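S.K.: Sequence:
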Amino acid sequence: MEEVAEEVPVVYLHDIKRQYVQGESVLTILGGAKLALWAGQSVALVAPSGSGKSTLLHIAGLLEHPDEGEVYIGGTATSGLSDAERTQIRRTDIGFVYQSHRLLPEFSALENVMLPQMIRGLKRSETVSRSKEILDYLGLGDRITHRPAELSGGEQQRVAIARAVANAPRVLLADEPTGNLDPHTADHVFQALMQLVRATQVAMLIATHNMELAHRMDRRVSIQDGQVIELD
1 MEEVAEEVPV
11 VYLHDIKRQY
21 VQGESVLTIL
31 GGAKLALWAG
41 QSVALVAPSG
51 SGKSTLLHIA
61 GLLEHPDEGE
71 VYIGGTATSG
81 LSDAERTQIR
91 RTDIGFVYQS
101 HRLLPEFSAL
111 ENVMLPQMIR
121 GLKRSETVSR
131 SKEILDYLGL
141 GDRITHRPAE
151 LSGGEQQRVA
161 IARAVANAPR
171 VLLADEPTGN
181 LDPHTADHVF
191 QALMQLVRAT
201 QVAMLIATHN
211 MELAHRMDRR
221 VSIQDGQVIE
231 LD
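According to this note's numbering, the sequence shown is numbered sequentially starting from 1.
Don't read these hints as lab results, they were simulated from the structure.
The structure presented is a predicted model; accordingly, all values stated were derived computationally and were not measured.
Every residue, glycine too, gets a C-beta built ideally from N, C-alpha and C.
Heads up, some of the hints might be wrong.
[Said to hold, decoys possible] Cβ pair distances, simulated, as ranges:
hint	residue 1	residue 2	range
1	Asp-15	Asp-142	20 to 30 Å
2	Ile-119	His-146	30 to 40 Å
3	Ile-229	Thr-76	52 to 62 Å
4	Gln-227	His-65	13 to 23 Å
5	Lys-34	Glu-106	37 to 47 Å
6	Gly-75	Gly-121	21 to 31 Å
Generate coordinates for the entire structure from the input sequences, incorporating the hints supplied.
M.R.: Here's what the structure looks like:
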């Protein structure tokens, strides 16, 4: 009988430990945490401020090194990679969305979405076509020539989402992406994120305080005593 290969998580955090020294004391943020993120699955990370949500996101996104443990991206261990190799993975496999949109103010919505693709080395014509397609998909087809200052908060955040998925990443990491938005706009931005998860099968981890949005996602996890725990 032919063996069927087991599906591999897009991201797997294994026994992640992270500590910070404060004066003469050591603060343990993560103490052997484990978390698997699967393709096409949305996961809400719900935990109090200071519990380590941002640290977990930064480690999952290869922006920060754990003190111990391993981060696997598509089944590949990353601890032994060079900075250049980690940067390449971030560029191609990982998308980031922050609470503040962090768009470049001097560029249009279209140009903001084109930039990460051009950095990756794609032809300009290809980046224009793909960026228009993504922005149109997110309901911004008529706003592509506008600069960030000419867009509403919700529009700016949707442009940031478009930029994050421009290179077709395998995982999307978001840190309070609706935290600065009113409830109606937050819901609109959240729907855009969920649309993209379903359409692209990206794995998504969102740190959020919004329990109403968290309950609309596939899984909910929290951080307790340095461990990642599943919530009902």
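S.K.: Could you tell me which of the numbered hints above are not met by this structure, giving the numbers in increasing order?
M.R.: 1, 2 and 3
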